[in-house]
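Counting from 98, one number per residue, gives the positions in the sequence shown under the working numbering.
It is possible that part of the hints are untrue.
To be verified - Simulated restraints, written as ranges between beta carbons of each label pair:
# : residue 1 : residue 2 : range
1 : A310      : K581      : 24 to 30 Å
2 : Q734      : P647      : 50 to 56 Å
3 : P639      : Q527      : 53 to 59 Å
4 : R279      : A376      : 35 to 41 Å
No lab work stands behind these hints, which were simulated from the structure alone. Each residue gets a CB set at the ideal place from its N, CA and C atoms; glycine is no exception.
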Amino acid sequence: MLNALREKTKGWMGAALLVVLVVPFVLWGVSSYVGGASQIYVARGRGIRISQEQFARALARQRVALEQTFGKNFNPALLTGDTFKRAVLRGLINKTLLINSAVKAGYVVNPDEMAYEIRHIPAFRVGGHFNAARYQEVLEAQGLTVAGFERRVRDLTLLDQVRAGLLASTFVPQQVVAHAARLFGQKRVFDYVVLSPRRFMPTGPVSLQRIQAYYTKHKNAFRLPQEVRIAYVVLSPAAVLRTMTERKVGRAALQRAYQAHIAQFTRPEERLVRHIMIALPPQPSAAAIAAAKARLVALRARIIAHSASFGALARRYSQDPGSAAQGGSLGFVTQADLSKPVGRAAFGLALNTVSAPVVGRSGVHLLEVTAIHPARVVPLAKVRKVVARMVLKRRARRLMYHRSERLRNAAFEHPHNLAAVARKVHLKLQESGWFTRTHGVGVTALPAMVKAVFMPKVLAGRRNTHAIPVGADALVVAHVVARKAARFEPLATARAAAVRALRAASARRRLKAEEALLVQELRKGASLKTLARQMHLVRKTPAAAEAVTPGLAPGLLKAVFRAPVSAAGHPAPGSAHLGAGRRAVFIVHQVLPGVVDPGSSRYIKLEESLIRDSGVETYLAYMKSLRERAHIHINAQAL
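All chains should be modelled from the sequences, with the hints used to inform the complete structure.
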């Protein structure tokens, strides 16, 4: 399961996945010192307790994940609704129930295998090797501990094991697959015309009386929402860190930090290893292992007798596609870069000696070490900047705690004067542009910020907001400096929009009438070719199409394949929405059933897809049974 995690963390998409994995459970430096409250449960049941704090962390993770996924297209209003909160809670409950059931069922995660896979995540490697300092730095930047991250990886692995087990338990009868192949491979022969609103758009003048009537009837469409502008101050660990310089880190502090993290600056022994590998199946039999060993013993004898070189034999016989062409060379590796048995053998070998056959994760190996770089400690002088950064980050955290307390106190002591708050905490006073409850930029788009600013006393400009946690690691205090009440756009400026709306409504009515006329004539037996010529429309005649055919609109294909074709094969007319107000009118002439070929790759893929679908149904049923047995009660007031 962990192989999948490693494979998915390659490239820019991997970086995004890694960030999602390590989004902090708590906002360090902001909420870590807000404690002492009694435990409030959002959901509880048999063997499950989800606290308000756990739920808040899950909401924070989802918010950051959505912001990173959608970027500028992200709509913060989606996060404020009850639907979103309940969806996050449902996911949290499901995850907890599944992990609990996996542990009870005896699922385990091998810690050595987990460590091996984590060491091969690209984000944690420098120069092709796992780097402990980089590992800690990446996690630290997200406010997460090593133990916390590895616990999450363990949980994800357990969840994957449960899902894989449920998928492996499902099957689909061959007659069902064959029937599906006939349906999914079905083709339909049809032709169609497209009706566009432009064709029916009126161009003449619109009377003032009609404009006035439309404006009066649809006045809410011209309602402008309430708008505000705010002044605000931002306190964040990154901002605190930017005020600190490496010159402020003394020798003694550098030395202490260097010694405390000496393991991170110790470069492990590296060996230049080459191998000849005979591949094994996923669950090899004893006979298969013995046969592979025998082949390698014979090759080893030839190498020792100098009748053939290791590199030549590797190029000819090794079944490792990544190294065979290079004479079996794996390059310089650390013991952690290799699977456990191979690593032990390679790092126990004397220089320029050939090992006995070693059974590894994916095959049996013959190993040779041709060069050794001993373990070494990188001197402080070479990593001074890294160590100084570590010291400054630690100081920034402490300073963030104290400054955040000062900010909270200042906001409380000066509830009506944000300038005084800024002076007291030495922060820059900033000002936003106009924004509404649903449309803002940057800080003003964050749900927590919008909620605080639009509270009655704050909105009226009488007081500051409280210190609001925003993003992943910042506090903001804001004050409303100007506002515009909700109002209706005057007719003078709304006139152009009203004219466009009236013309569009007219075009829709005329288009709908022509669409109905076309379908009616086709049902009477008229030819679409003749109708298209009479109405000056372009008739399109694609080749026989499947339900998913590149180049044809999905909405059109969906309607075509839903059209009820009689057993006698009579043409079936219909219409479909194509988007942007366009409509298609079509007629299906012929249905060609799909071909069933159990040996084809398409048939195999369809079978796999049906098995996955069946596995999803099994998973949902299993999840439903877990929830029913848990008798979960949700505290709606705590959401």
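Query raised in the report: For the pair A310 and K581, does the Cβ-Cβ distance stay inside 24 to 30 Å?
Result: holds (28 Å)
Query raised in the report: Does the hinted range 50 to 56 Å hold for Q734 and P647 at CB?
Result: holds (51 Å)
Requested in this report: Just tell me: holds or violated, for the beta carbon distance of R279 and A376 against 35 to 41 Å?
Outcome: holds (39 Å)
Report task. Given the hint of 53 to 59 Å, check if P639 and Q527 actually sit that far apart at their C-beta atoms. Result -> With Cβ atoms ~57 Å apart, the hint holds.
When the structure is compared with the earlier hints, no violation turns up for any of them.
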